[in-house]
Amino acid sequence: MSLLSLDGVSRVYATRRGLFGRPVPVRAVDHVSFSVAPGRTLGIVGESGCGKSTTGRVALGIERPSEGHVMFEGAPMPAPGTPGWRHMRARLQLVHQDPLGAMDRRLTVAAQVEEPLEIHGIGDKTERRDRVAALLRDVGLRADLAQRHPHELSGGQRQRAVLARALATDPALLVADEPVSALDVSIQAQVINMLTDLQEARGIAMLFISHDLKVVRQISHEVAVMYLGRVVEQGDPEAIFADPLHPYSRALVSAIPVPGPRRIERVVLTGDPPNPADRPSGCAFHPRCPVAVAACAQVVPELRHAADGRLVACHLVPEASLLKAA
Amino acid sequence: MPTPLITIRDLRVSFHGLPALRGIDLDVAPGEAVGLVGESGCGKSVTWLAALGLLPRTATVTGSVRLGDRELLGAPPSTLDRVRGGRIAMIFQDPATALNPVKRVGVQVAEALRLHRDLHGGAADAEVLRLFDQVGIPDARRRVHIYPHEMSGGQNQRVMIAMALAGQPELLVADEPTTALDATIQAQILDLLRRLQQETGMALVLISHDLGVVAEMCRRVCVMYAGRIIEQAPSDALFAHPRHPYTTGLLAALPDMVGPKRRLEAIPGGVPEPWNMPPGCAFAPRCAHATAACDAAIPGFVPTGPEHVAACIHVESLAMVPA
Chain C
688 MSLLSLDGVS
698 RVYATRRGLF
708 GRPVPVRAVD
718 HVSFSVAPGR
728 TLGIVGESGC
738 GKSTTGRVAL
748 GIERPSEGHV
758 MFEGAPMPAP
768 GTPGWRHMRA
778 RLQLVHQDPL
788 GAMDRRLTVA
798 AQVEEPLEIH
808 GIGDKTERRD
818 RVAALLRDVG
828 LRADLAQRHP
838 HELSGGQRQR
848 AVLARALATD
858 PALLVADEPV
868 SALDVSIQAQ
878 VINMLTDLQE
888 ARGIAMLFIS
898 HDLKVVRQIS
908 HEVAVMYLGR
918 VVEQGDPEAI
928 FADPLHPYSR
938 ALVSAIPVPG
948 PRRIERVVLT
958 GDPPNPADRP
968 SGCAFHPRCP
978 VAVAACAQVV
988 PELRHAADGR
998 LVACHLVPEA
1008 SLLKAA
Chain G
10 MPTPLITIRD
20 LRVSFHGLPA
30 LRGIDLDVAP
40 GEAVGLVGES
50 GCGKSVTWLA
60 ALGLLPRTAT
70 VTGSVRLGDR
80 ELLGAPPSTL
90 DRVRGGRIAM
100 IFQDPATALN
110 PVKRVGVQVA
120 EALRLHRDLH
130 GGAADAEVLR
140 LFDQVGIPDA
150 RRRVHIYPHE
160 MSGGQNQRVM
170 IAMALAGQPE
180 LLVADEPTTA
190 LDATIQAQIL
200 DLLRRLQQET
210 GMALVLISHD
220 LGVVAEMCRR
230 VCVMYAGRII
240 EQAPSDALFA
250 HPRHPYTTGL
260 LAALPDMVGP
270 KRRLEAIPGG
280 VPEPWNMPPG
290 CAFAPRCAHA
300 TAACDAAIPG
310 FVPTGPEHVA
320 ACIHVESLAM
330 VPA
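Just so you know, the protein sequences line up as chains C and G, in that order.
Heads up, the first sequence stops at 1013 in our numbering, and the numbers go up one at a time, no gaps.
Heads up, the second sequence stops at 332 in our numbering, and the numbers go up one at a time, no gaps.
There could be a bad hint or two in this list.
Said to hold, decoys possible - Straight-line alpha carbon distances no greater than 20 angstroms define the calculated SDA-like cross-link-like pairs of lysine to any residue that follow: (1) K270(G) - L885(C); (2) K901(C) - F248(G); (3) K812(C) - L787(C); (4) K901(C) - D265(G); (5) K901(C) - R123(G); (6) K901(C) - L89(G); (7) K270(G) - D923(C); (8) K270(G) - V945(C); (9) K812(C) - A869(C); (10) K812(C) - E760(C); (11) K270(G) - E909(C); (12) K901(C) - A869(C); (13) K270(G) - H908(C); (14) K270(G) - G922(C); (15) K270(G) - D884(C); (16) K901(C) - K112(G); (17) K901(C) - S161(G); (18) K901(C) - A249(G); (19) K901(C) - L260(G); (20) K901(C) - V267(G); (21) K270(G) - K812(C); (22) K270(G) - A869(C); (23) K901(C) - G947(C); (24) K812(C) - E839(C); (25) K901(C) - A261(G); (26) K112(G) - S161(G); (27) K270(G) - A926(C); (28) K112(G) - R123(G).
Stated by the list, open to error - With the C-beta cut set under 8 angstroms, the calculated list includes, among others, these residues of chain G facing chain C: (29) E48; (30) A135; (31) L138; (32) S161; (33) A196; (34) D200; (35) H218; (36) D219; (37) L220; (38) A224; (39) L259; (40) P264.
The hints are simulated quantities; they were obtained by calculation from the structure and are not laboratory data.
Even glycine gets a Cβ: it sits at the ideal position worked out from N, Cα and C.
Just need the whole structure built from these sequences, with the hints factored in.
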């Protein structure tokens, strides 16, 4: 059974063009559906403005979907700010890119890790103190760092402290939005290993949002590639990164610089990613797509099962059922 | 190696008495592409800011940086003004802050042409258009009149590159030029830099934390750690047969795009603080192969292959251990 599921979720914002312009609807997330099972990781990849962070916020219930439904542990996500939602927030935690911004600079590490326990009324004073010590040990922070303030820690240590705080309420789901992007390679590896170990030990599910395909491959059981608010390809990370079927995934995967010979010929896209407020008709990728045909400008491609079971939203990728019929 | 374009010898920088750069020796030949890789604070950017006299006065800089037969360290401002943007140009990570937000982009490129090539009026305008075309800005005739905030990050970086090319430099120093950009835009900018290098014959120094970017762009790579170069080799050799334990560690810590999935081998600990530098090899406290001898002195380069050197006293015995 899935822990979290999004069903046809869209998030629409209104922006104005210029000071006196008419409000224009911007579909930051457009008809996104997926589910995450307990103990599994779904990676969401895409470039700036593709809606991956908004998807994470909707999954956390911080934002209400404009259309569609979010289900968590078998029940609809309560509206943000309600007692039901606050209660649920103990089960759903967020870790994002900038640990310094996520911490209170005036509080010690120990005080910050203890705070969620106080808020959710977990344990008495002694139990809480023991729990904080155990959490810091779990994320690999030395006991003497507990009394330090955020600015006295390195970037990697801060991210560990933020993780300890997120784990304090024993969440079932962690939404991690670019959690290692600000860290150096050698520290990044430490944090990635820690995340996979914690997942194994505690059975936490993760929604892992990142622009870094290598990190997503390392950590995810399933991956969704987003472009301009929609999922364009979804499935097994090995299959998608070795042989992407959607032309955008293909360009994205081929753009990643790697030491040594490359397996997929580089596709250099022309033009910039379009503005979500000015979404191209049909398939949003068609103006940059090297293989687009006339239909791409008119009809929005739906996500369909391709031959190996993954989901692809492209008119040019044959649908599995059609292949079988032929 | 042909006569170097730029020769750096024993370059040292410290801020308030704390060392940031602890003796850099580096040559760049005309037309070659050299990569400098390393993690935050290793000194890869400071090296070039020091070489071009761009560090604040609180920095103490010693050693020698020669461009041809001219010494740049301590050179008068008038000399440096001709070199910077003229013979050596530099581009940075964040084009949006490097550009002037209240001036049209065309005017900013024209200013570089006036300062470095004495081009004015119609001649300058024509050259701005040519440069915009060269760096692949579409609809150049209209784009020269817009402001940086009206362009995307990728287009702003193209404007920066156009401005860098304005002085017809012999060397372009690109400091994390694609780090702030999305993957598909990064691919475009790297493609552009490669093409420009071929067209103009300028040398390229690419500073990056991304080993993949450097592997693709550079023939030769220097790996830096705690203010020193610790390994130097042709790219192919470095990525196929890294010899310094830090380089080996960096590559093992990097997730792969293909091949079997393996647990990442993280390097334990963190980089040493400038006020707490180990006496010998700066990597020794994190190194699995370290012995007491590593603390005795800062290790010099040991040749380990054609044009391949590593600053590790154990490099020969480590070569015996199968990777």
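Hints, one by one, checked against the model:
no.	hint	verdict
1	K270(G) - L885(C)	18 angstroms, holds
2	K901(C) - F248(G)	17 angstroms, holds
3	K812(C) - L787(C)	26 angstroms, violated
4	K901(C) - D265(G)	6 angstroms, holds
5	K901(C) - R123(G)	45 angstroms, violated
6	K901(C) - L89(G)	42 angstroms, violated
7	K270(G) - D923(C)	13 angstroms, holds
8	K270(G) - V945(C)	16 angstroms, holds
9	K812(C) - A869(C)	34 angstroms, violated
10	K812(C) - E760(C)	30 angstroms, violated
11	K270(G) - E909(C)	14 angstroms, holds
12	K901(C) - A869(C)	15 angstroms, holds
13	K270(G) - H908(C)	12 angstroms, holds
14	K270(G) - G922(C)	17 angstroms, holds
15	K270(G) - D884(C)	15 angstroms, holds
16	K901(C) - K112(G)	39 angstroms, violated
17	K901(C) - S161(G)	25 angstroms, violated
18	K901(C) - A249(G)	19 angstroms, holds
19	K901(C) - L260(G)	13 angstroms, holds
20	K901(C) - V267(G)	9 angstroms, holds
21	K270(G) - K812(C)	43 angstroms, violated
22	K270(G) - A869(C)	23 angstroms, violated
23	K901(C) - G947(C)	15 angstroms, holds
24	K812(C) - E839(C)	26 angstroms, violated
25	K901(C) - A261(G)	13 angstroms, holds
26	K112(G) - S161(G)	16 angstroms, holds
27	K270(G) - A926(C)	13 angstroms, holds
28	K112(G) - R123(G)	16 angstroms, holds
29	E48	4 angstroms, holds
30	A135	25 angstroms, violated
31	L138	20 angstroms, violated
32	S161	4 angstroms, holds
33	A196	4 angstroms, holds
34	D200	6 angstroms, holds
35	H218	7 angstroms, holds
36	D219	7 angstroms, holds
37	L220	6 angstroms, holds
38	A224	4 angstroms, holds
39	L259	6 angstroms, holds
40	P264	4 angstroms, holds
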